[in-house]
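What follows is each chain in one-letter form.
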Amino acid sequence: MRQLLRDLLVFFQRDLRIASTYRSPFVLEAVEALFGAATFYYVARFVDSPALRDVLPQGKTYFAYSLIGFVFFDYLNVALDTFDRSLIEARDSGTLEPLLATQVSLPVMLVGSAFYPFVATTVRIAVYLGWAAAFFGFPLRAANWPAVAAVLLLTLLAFSGLGVLSASYLLLFKRGNPGKWLILGVSGITGGMLFPVDILPAWLQVVAHLNPVTYALDAMRAALLDGAGIAAIFPQLFLLLAFAAVLIPFSTLVFSWALRRTKVTGTLTHS
Amino acid sequence: MPDSAIILDSLEKWFPAALSGWKAYLNPFSPPVFPALRELSLEVKRGEAVALLGANGAGKSTLLRILSTLLLPTRGTAIVAGHDSVRDPSAVRRSIGYHAGSDLGFYARLTGRQNLQFFGRLQHLSDECVRQRVAALSDLLGLQKNLDRQARTLSVGTIQRLSLIRALLHEPGVLLLDEPTRSLDAIAAAQFRQFLKIEVLRRQGTSILFASHTMQEIEFLADRVAVLEEGRLRAFETPVALRGATSSASLEEAFAKLTGGSLQHSDGNSSV
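In order, the protein sequence lines correspond to chains A and B. Its first residue numbered 93, the first sequence is counted upward by one per residue in our numbering. Its first residue numbered 50, the second sequence is counted upward by one per residue in our numbering.
This list has only true hints and no planted wrong ones.
Estimated spans, in silico, between C-beta atoms of each pair:
{"#": "1", "chain 1": "A", "residue 1": "Val119", "chain 2": "B", "residue 2": "Val135", "range": "43 to 53 Å"}
{"#": "2", "chain 1": "B", "residue 1": "Glu268", "chain 2": "A", "residue 2": "Ile340", "range": "46 to 56 Å"}
{"#": "3", "chain 1": "A", "residue 1": "Val338", "chain 2": "B", "residue 2": "Ser59", "range": "40 to 50 Å"}
{"#": "4", "chain 1": "A", "residue 1": "Ile322", "chain 2": "B", "residue 2": "Ser59", "range": "55 to 65 Å"}
These are calculated hints, taken from the structure and not from any lab test. From the three backbone atoms N, C-alpha and C, an ideal C-beta is built for every residue, glycine too.
Please construct the entire structure, taking both the sequences and the accompanying hints into account.
Structure below.
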């Protein structure tokens with residue numbers, strides 16, 4: 093276990109070192125976050141009405157509701173993208189073969205390579221919310237931080253299973269995963285990103301309740317905006333854990349099979 | 050480490066047909082139909098250097114990839130430093146150093162030293178051990194000056210030497226090299242071979258299995274030569290014995306005779 097954590101840290105340090113050689117993106121992303129927060133603020137002011145506030149489940153304002161939906165949706169994006177991307181980067185840079193000749197297995201390599209993007213996304217979200225709180229009155233004071241951390245952790249676990257499935261598809265078929273875009277598209281509509289799922293037709297609400305994004309956003313809004321503790325959001329946390337408990341072993345099995353298959357076909361390093 | 054560095058027993062590798070268009074989606078499930086290695090059996094002794102000689106597509110790189118656990122054989126066994134490449138790939142990886150001869154394989158934005166530290170840690174070496182090994186090996190290969198430059202600014206020759214250092218960091222008992230000097234100029238290639246012969250073979254006693262098309266390299270480094278043709282082992286002898294057995298003046302001629310090829314001389318005549 094200790095060795096595994098050390099391996100993961102080695103990948104994180106690698107990515108941090110590489111990222112630190114590009115300094116301007118840090119500044120530009122921080123500025124972009126300010127513009128993003130401003131855009132949500134003014135859109136929310138434009139559409140705000142007492143009727144709208146009545147239908148929002150947790151958010152006191154549409155600004156808070158939509159901003160949380162938008163920034164946390166990024167986790168799904170990163171989870172679905174990061175495993176694929178690390179595989180493609182290793183393949184294209186020629187580092188995949190040397191990596192696979194070390195003591196580290198491909199699954200550890202993928203998880204290790206996902207660490208930095210997840211941390212970077214968390215920082216980006218923090219910057220977004222920081223700007224929103226500093227300039228646009230986003231209510232951060234009520235937040236229950238242990239509950240926020242619990243939601244984040246379980247969200248990452250639940251979404252990572254989807255990302256590993258996507259990487260398995262890439263290993264086998266060498267192409268971008270159409271399922272990834274389907275998941276992102278469906279989650280964008282049914283996950284409760286910019287509007288409550290209650291306003292959807294009944295059949296789409298069924299889809300929404302099969303989607304981990306719905307529970308992740310629901311729990312995150314409750315923890316951040318209402319200060320809900322872990323006990324209060326336990327049902328959502330439990331469902332995220334259930335998604336993770338199913339998706340992670342399943343995706344690991346699929347990935348192991350895909351990896352073995354590429355070692356049989358000789359296509360492991362093919363693009 | 051056992052007396053044999055590598056033992057191959059009836060090793061076979063078959064690949065599926067490459068499909069295109071919508072049929073490419075069936076690729077992962079298509080059956081193997083093209084042979085790359087056939088009934089290959091040979092033994093590399095501890096401390097021995099064996100060259101793999103064969104035309105393009107003869108199966109040299111396929112064999113090296115099986116031994117480095119990047120490919121699974123279709124049939125037969127490959128034992129490296131006493132470990133089965135299929136059943137115990139992790140132990141095999143601990144025992145081998147693999148240098149693919151590519152001028153890629155490093156993170157462009159990291160320095161040579163940072164790259165080596167990264168790969169050394171993934172071999173589960175301590176930071177101190179990596180530091181010492183990098184210092185010692187880079188000194189021997191004349192790389193000290195370039196270690197702290199980003200990999201994207203390094204020449205192909207420097208990248209090749211970095212790659213060799215990476216393969217040797219964890220002091221493997223077996224070194225697998227796939228055309229290790231293919232991108233190097235004549236002087237750099239000669240220095241590279243000297244290092245392999247004196248430092249790796251003589252001083253460290255590391256076994257080397259290398260694929261090469263350069264006869265000079267094979268003559269200089271190899272104790273024995275495995276001649277491959279369409280995945281089959283045609284001969285496995287010392288360079289001298291190969292020349293003698295085929296009544297050839299050079300290894301090149303011996304190779305051509307064994308594989309039914311022909312050599313075009315500068316006077317326009319062909320032999321064999």
